[in-house]
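Trainee: Listed here are the chains, written in short residue letters.
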Amino acid sequence: MPFVSPEIFAKQTIASVQEYSILCWRAVANLFSRPRYWADVYTQMDSIGVGSMPIVVLTGFFTGCVLALQSATSLEAFGSVSLTGNLVALSMVKELGPVLTGLMVSGRNASGMASEIGSMRVTEQIDAMRALGTDPVRKLVTPRLYATVFMLFFLTIVSDAVGIAGGALVSVTLMGLNASSYFHNSYRALQYGDVVQGLTKPLFSGFIIATVGCFFGMTTKGGTQGVGKATTQAVVYSSVFIIIVDFIVSRAMIGIFGR
Amino acid sequence: MPADIAPGDVSQAKQSPDSAEPVVVFEDVSITFDIKPVLDNISFRVQHGETRIILGPAGGGKSVLMKLANGLIRPDSGTIRVFGEDIARMRETDLFKLRARIGMVFQESALFDSLSVEDNVAYRLHEDRVPEEEAHNRVVEALQFVELANTIEKFPSELSGGMRRRVSIARAIIAKPDLILYDSPTGGLDPITSTTIIDLVIKQRDVSHTTSLVITHRLQDAFLLATHRFNQQTGKIEPIPNNGIDDSTKFLVLNEGHVVFDGNTHELVHTDDPWLKEYLS
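Same order as they appear, the protein sequences are chains A and B. Add 36 to the 1-based position in the first sequence for the working numbering, that's all there is to it. Add 547 to the 1-based position in the second sequence for the working numbering, that's all there is to it.
Don't take every hint at face value.
[Claimed, not checked] Pairs of lysine to aspartate or glutamate, EDC-like flavour, derived with a Cα cap of 20 Å:
1) K257(A) x D675(B)
2) K175(A) x D587(B)
3) K175(A) x D675(B)
4) K47(A) x D623(B)
5) K175(A) x E639(B)
6) K257(A) x D581(B)
7) K614(B) x D587(B)
8) K723(B) x D746(B)
9) K644(B) x D725(B)
10) K614(B) x D171(A)
11) K723(B) x E803(B)
12) K644(B) x D171(A)
13) K47(A) x D666(B)
14) K175(A) x D666(B)
15) K175(A) x D660(B)
16) K175(A) x D641(B)
[Claimed, not checked] Residues of chain B placed beyond 12 Å of chain A at every Cβ, according to the derived structure:
17) P584
18) T626
19) E681
20) E694
21) P788
Treat the hints as calculated values from the structure; they're not laboratory data. These figures come from a predicted structure and were not determined experimentally. C-beta: ideal position from N, C-alpha, C; glycine also.
Take the sequences, apply the hints, and build the full model.
Mentor: Take a look at the structure:
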């Protein structure tokens with residue numbers, strides 16, 4: 037990779053941030069004016085939401101399983117194995133459910149968006165769309181943005197649920213805990229603030245996945261190699277942003293709810 | 548990402564297709580990519596009903612000029628007026644409305660590969676919420692014009708390069724535009740298929756008299772356009788009698804971002820410019 041001067045690097049970075057901000061603003065604002073592409077929104081909901089169900093269910097389930105397994109081993113030292121349900125529920129709902137679902141959906145869909153839109157870019161299909169009088173941001177980015185934010189919210193709920201179920205399976209079959217006690221403890225452990233925190237995070241993650249994926253797709257340059265680069269960058273940037281924003285949202289929520 | 552945050556100015560009245568004012572006007576247009584000037588103070592005019600053939604060596608800025616004419620990119624300096632509106636300073640949202648009057652055929656066809664031929668050709672009609680039955684009939688009509696009615700249910704990946712180019716022409720003409728931009732419609736095609744495409748350009752010119760800009764690398768295509776006409780009685784392309792040339796067909800030759808020639812066929816053939824003579828030979 038060629039070295040560039042700090043000045044050029046800074047200018048390029050600021051220009052990219054500016055372009056990204058404009059894209060985000062237009063993608064959000066487009067929903068409030070016509071034309072709206074509802075059919076594309078539903079198609080993307082199916083592709084992003086329903087299509088991501090298998091990986092989200094599998095990831096959530098086995099995360100719950102391993103969480104129960106690891107925490108039970110540690111809790112045994114303090115004679116508190118019965119608190120496994122608390123730990124699994126709190127970890128899944130507040131942190132692991134939202135973050136892991138975000139990362140899995142990012143790996144599957146941010147890459148898909150960047151490669152699909154990037155391919156359209158390098159084959160002049162985006163220019164053709166503009167030449168035919170259609171705003172590509174309105175047609176391609178806005179449906180993906182709203183579909184991702186909406187579906188990631190529900191995918192996170194599914195992930196939380198199957199994670200707690202996975203923890204229950206391990207606790208009951210391998211640790212010999214009582215299922216009723218496990219679920220009772222899980223339920224008691226969760227407070228309003230925990231659920232709000234866990235369900236606020238996917239709204240941010242969904243926004244990041246769609247906007248970063250579409251941004252790298254829309255700015256793809258350099259043929260098929262450029263599409264590959266855009267795809268990789270989309271996954272890397274969206275994953276890192278999800279984790280950074282997760283930290284910021286967690287801190288804000290702890291400030292608001294005190295836990 | 549398309550840059551569309553330039554201040555808008557759409558207050559000028561829409562120009563009628565029959566107006567005496569030129570359809571396309573470039574005035575001192577320059578554009579630079581990185582540090583390389585691609586077009587340098589380009590000025591020319593395209594009158595209503597004119598077919599302007601843009602010739603020149605590869606890398607001379609022909610495709611950039613075509614994209615500038617459709618507002619897909621913006622010049623660094625100069626004025627571009629299309630139908631009387633200054634598109635260099637229009638907002639992207641206003642350009643979308645203006646582009647409804649412009650059809651464009653891209654160098655590599657740029658068909659939407661996830662849509663069928665019918666949906667590709669009907670794209671603009673679907674955007675305009677034209678009833679499905681009417682849209683279908685117009686698609687069939689446009690595909691018949693390019694002699695590809697049997698491909699309506701196929702996908703772009705199932706078509707040859709020449710067929711894709713013809714579908715692209717059908718997509719450009721379906722909304723009956725007032726200006727058609729052909730960006731190298733014969734680029735990368737074999738000579739026989741190229742002639743088929745140029746025949747379609749001639750047919751479109753002589754049937755609907757639409758103003759058009761045609762980029763080509765092949766001189767024989769350019770002279771075919773200038774010396775042939777579409778006979779509506781026989782439905783065939785034929786040479787203009789008595790070695791005649793089509794008055795509405797004019798030439799613009801670009802080299803290294805500069806206009807080398809701007810005039811009609813007769814002036815081009817009898818040019819004294821040494822570079823142009825060598826280029827044409």
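Trainee: With reference to the structure, classify each hint as holding or not holding.
Mentor: To see whether the hints hold, each was checked on the structure:
{"no.": "1", "hint": "K257(A) x D675(B)", "in the structure": "violated, 31 Å"}
{"no.": "2", "hint": "K175(A) x D587(B)", "in the structure": "violated, 35 Å"}
{"no.": "3", "hint": "K175(A) x D675(B)", "in the structure": "holds, 14 Å"}
{"no.": "4", "hint": "K47(A) x D623(B)", "in the structure": "holds, 19 Å"}
{"no.": "5", "hint": "K175(A) x E639(B)", "in the structure": "holds, 14 Å"}
{"no.": "6", "hint": "K257(A) x D581(B)", "in the structure": "holds, 14 Å"}
{"no.": "7", "hint": "K614(B) x D587(B)", "in the structure": "holds, 15 Å"}
{"no.": "8", "hint": "K723(B) x D746(B)", "in the structure": "holds, 18 Å"}
{"no.": "9", "hint": "K644(B) x D725(B)", "in the structure": "holds, 13 Å"}
{"no.": "10", "hint": "K614(B) x D171(A)", "in the structure": "holds, 16 Å"}
{"no.": "11", "hint": "K723(B) x E803(B)", "in the structure": "violated, 34 Å"}
{"no.": "12", "hint": "K644(B) x D171(A)", "in the structure": "holds, 11 Å"}
{"no.": "13", "hint": "K47(A) x D666(B)", "in the structure": "violated, 42 Å"}
{"no.": "14", "hint": "K175(A) x D666(B)", "in the structure": "holds, 15 Å"}
{"no.": "15", "hint": "K175(A) x D660(B)", "in the structure": "holds, 16 Å"}
{"no.": "16", "hint": "K175(A) x D641(B)", "in the structure": "holds, 16 Å"}
{"no.": "17", "hint": "P584", "in the structure": "holds, 20 Å"}
{"no.": "18", "hint": "T626", "in the structure": "holds, 21 Å"}
{"no.": "19", "hint": "E681", "in the structure": "holds, 18 Å"}
{"no.": "20", "hint": "E694", "in the structure": "holds, 22 Å"}
{"no.": "21", "hint": "P788", "in the structure": "holds, 37 Å"}
Going down the numbered hints, you'll see the structure goes against 1, 2, 11, 13, while the others check out.
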